[in-house]
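Participant: Dock chain P with the ligands against chain G, hints included.
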Amino acid sequence: MKETQDIANQPKNLERPPIVLQIKDLYKSFGENNVLNGFNMTLYKGENLVIMGKSGSGKSVMIKCLVGLMEADSGSITVMDKDITTLNQETLDILRADIGFLFQGSALYDSMTVRENLEFPLRRHSEKFDHKTDTNTMVIEALKNVGLESAIDLMPSELSGGMKRRVALARTLILQPKIILYDEPTSGLDPITSKEIILLMKDIQTKYNTSSLIITHDVDCARYISDRMILLIDGVDYTVGTFKELSASNDPKIRAFFKQ
Amino acid sequence: MSGIKSIENQFNSFLKEIGELSYFAGRYFKEALKPPFEFKELLRQCYSMGNRSLLLVAITGFIIGLVLTLQTRPTLLEFGAVSWMPSMVGISIVREIGPMIMALVCAGRIGSGIGAELGSMRVTEQIDAMEVSGTNPFKYLVVTRILATTLMIPLLIIIGDAIALYGSFLVENLKGNVSFTLYFNQVFDSLEFGDILPATIKSFFFGFAIGLVGCFKGYYCKKGTAGVGKAANSAVVFTSLLLFVIDFIAVFVADIFYEL
Ligand SMILES: Nc1ncnc2c1ncn2[C@@H]1O[C@H](COP(=O)(O)OP(=O)(O)O)[C@@H](O)[C@H]1O
Ligand SMILES: [Mg+2]
Numbered sequence: 001m002k003e004t005q006d007i008a009n010q011p012k013n014l015e016r017p018p019i020v021l022q023i024k025d026l027y028k029s030f031g032e033n034n035v036l037n038g039f040n041m042t043l044y045k046g047e048n049l050v051i052m053g054k055s056g057s058g059k060s061v062m063i064k065c066l067v068g069l070m071e072a073d074s075g076s077i078t079v080m081d082k083d084i085t086t087l088n089q090e091t092l093d094i095l096r097a098d099i100g101f102l103f104q105g106s107a108l109y110d111s112m113t114v115r116e117n118l119e120f121p122l123r124r125h126s127e128k129f130d131h132k133t134d135t136n137t138m139v140i141e142a143l144k145n146v147g148l149e150s151a152i153d154l155m156p157s158e159l160s161g162g163m164k165r166r167v168a169l170a171r172t173l174i175l176q177p178k179i180i181l182y183d184e185p186t187s188g189l190d191p192i193t194s195k196e197i198i199l200l201m202k203d204i205q206t207k208y209n210t211s212s213l214i215i216t217h218d219v220d221c222a223r224y225i226s227d228r229m230i231l232l233i234d235g236v237d238y239t240v241g242t243f244k245e246l247s248a249s250n251d252p253k254i255r256a257f258f259k260q
Numbered sequence: 001m002s003g004i005k006s007i008e009n010q011f012n013s014f015l016k017e018i019g020e021l022s023y024f025a026g027r028y029f030k031e032a033l034k035p036p037f038e039f040k041e042l043l044r045q046c047y048s049m050g051n052r053s054l055l056l057v058a059i060t061g062f063i064i065g066l067v068l069t070l071q072t073r074p075t076l077l078e079f080g081a082v083s084w085m086p087s088m089v090g091i092s093i094v095r096e097i098g099p100m101i102m103a104l105v106c107a108g109r110i111g112s113g114i115g116a117e118l119g120s121m122r123v124t125e126q127i128d129a130m131e132v133s134g135t136n137p138f139k140y141l142v143v144t145r146i147l148a149t150t151l152m153i154p155l156l157i158i159i160g161d162a163i164a165l166y167g168s169f170l171v172e173n174l175k176g177n178v179s180f181t182l183y184f185n186q187v188f189d190s191l192e193f194g195d196i197l198p199a200t201i202k203s204f205f206f207g208f209a210i211g212l213v214g215c216f217k218g219y220y221c222k223k224g225t226a227g228v229g230k231a232a233n234s235a236v237v238f239t240s241l242l243l244f245v246i247d248f249i250a251v252f253v254a255d256i257f258y259e260l
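Heads up: the protein sequence lines correspond to chains G and P, in order.
If you read the first sequence in the UniProt record's numbering, its first letter stands for residue 1, the second for the next number, and so on.
If you read the second sequence in the UniProt record's numbering, its first letter stands for residue 1, the second for the next number, and so on.
Worth flagging that the hints you see were computed from the coordinates, not collected in a lab.
Possibly wrong hints are sitting among the right ones.
List of simulated lysine-lysine pairs, DSS-like, C-alpha gap at most 30 Å [said to hold, decoys possible]:
#1 P:K222 to G:K54
#2 G:K24 to P:K16
#3 G:K82 to P:K139
#4 P:K30 to G:K82
#5 P:K139 to G:K54
#6 P:K139 to P:K30
#7 G:K195 to P:K223
#8 G:K195 to G:K178
#9 P:K40 to G:K144
#10 P:K34 to G:K82
#11 G:K178 to P:K139
Incomplete in silico selection of chain G near chain P, CB under 10 Å [said to hold, decoys possible]:
#12 L87
#13 Q89
#14 D93
#15 R96
#16 F103
#17 A107
#18 L108
#19 Y109
#20 D110
#21 H125
#22 A168
#23 R171
#24 L200
#25 S247
Being a predicted model, the structure only gives us computed values, none of them experimental.
Glycine included, every Cβ here is placed at the ideal spot set by N, Cα and C.
With the rest of the complex left out, here is chain G (with noise of 0.2 Å):
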């Protein structure tokens, strides 16, 4: 745990952008399952934080409690300065419009058209933009983005593992989110897939500046999209760092992450 302390105490930085989203002391358990331990995380505005860990550590246990999918048993989520626990279903559900979400296995609405899907997030949320825009407009810019435009009427069904990636990512843009948290975006495509969406991840936040969440346990997902990395082991935040700072330490639990 002394590696912990040491990288977490690093100098702070005072000109560290705002906070938008915090967890502290974040337990969960199943039974006797105990998954989160006291998990706590930060995200500041505009960065991509990486979080690893080992499947079934509790990676989307914990994104779940974030939106409010998943009760915590106890511990604070702050999202751009609102308390979630404590939110009524109506704020709560204002305040998911500024929140995306990329579904593990992309979760695309499988009895609905690619348009369909697109326009399905904004039939709760039309008030969040001028009248002006309408939605075929809105579908069609969201779709361009990930460069699907030709898919628009086809089922999820027809559609490749990488696409429907593409799509759900669309989806989650289409309310143009103010943070995107992305539950394991390159888990079951291949390599050259991966990388594409990858890349597609950080034309976004460059494009819209979003603060991103990225949870995986892809390494080379998080050496090219990380500006900081936190590891999650046994239910608890176990270290923060960079890239760089995390595959040099020397402890063994470390390690296991980045041996290939």
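Facilitator: Chain P with the ligands only, in chain G's frame:
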């Protein structure tokens, strides 16, 4: 000893399931009455349920009518009571056989379909995706489906009954030269309000049960593809059981009203 234990465990989990189902039903009524209403999705569900089950109900109804008439004919002939055929077939189909068998067929077709559809949406995180995009998935998926079965099952039962009666008429027409007008005049003469009303009320409950259990099993589907199969399967088993219980209660209640 262990046999008794396992029966006891099964009984306990059955009771627990009944409790959870009641809670689910309570939530349905609460959310069904709250705007916004998903009319478009409701219509789509009604259409697709009717569309998917109409042929099945028609074939089942037709065969029931044929078989029932063919099999009772010799017995009635023996007693010289063939002229009672329309009344007998009419009453038994409208009061009991029609609703029960059509509901069982629909439980297999519609109930399992709902269980599998919602189950796979749960497992692939589509339900979570709806929730974070600001649409209440319980309203959009569950309320519309339960409403649709509650409206469509009675309609399908009426159609099935009519086709069953027509099948019965065909046999009588071929074997006994009974005319269409004579046959159906006799059917409707023997049917009373007291036959039709309980059967209609009962079929609304059947429809409600099919939608409720299908949605319940799918909505709380366990992770993994095995979970989806189990959701679909147990939706049918549980619904069938529930249909018989409802039927029993309906006959019991109707009997009390007759006594008065
Ligand atoms: N809804 C749930 N009910 C019970 N256990 C769960 C549930 N969701 C996740 N878990 C458990 O929590 C642990 C972490 O899961 P998850 O966050 O999905 O892992 P990952 O880090 O691979 O995303 C696993 O052991 C899993 O079994
Ligand atoms: Mg996960």
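Participant: Confirm or reject each hint.
Facilitator: Structure-based check of all given hints:
no.	hint	verdict
1	P:K222 to G:K54	22 Å, holds
2	G:K24 to P:K16	36 Å, violated
3	G:K82 to P:K139	26 Å, holds
4	P:K30 to G:K82	28 Å, holds
5	P:K139 to G:K54	36 Å, violated
6	P:K139 to P:K30	10 Å, holds
7	G:K195 to P:K223	29 Å, holds
8	G:K195 to G:K178	23 Å, holds
9	P:K40 to G:K144	29 Å, holds
10	P:K34 to G:K82	27 Å, holds
11	G:K178 to P:K139	27 Å, holds
12	L87	13 Å, violated
13	Q89	8 Å, holds
14	D93	5 Å, holds
15	R96	5 Å, holds
16	F103	5 Å, holds
17	A107	4 Å, holds
18	L108	7 Å, holds
19	Y109	6 Å, holds
20	D110	7 Å, holds
21	H125	6 Å, holds
22	A168	8 Å, holds
23	R171	8 Å, holds
24	L200	19 Å, violated
25	S247	31 Å, violated
Comparing the model with each earlier hint shows violations of hints 2, 5, 12, 24, 25; every other hint is respected.
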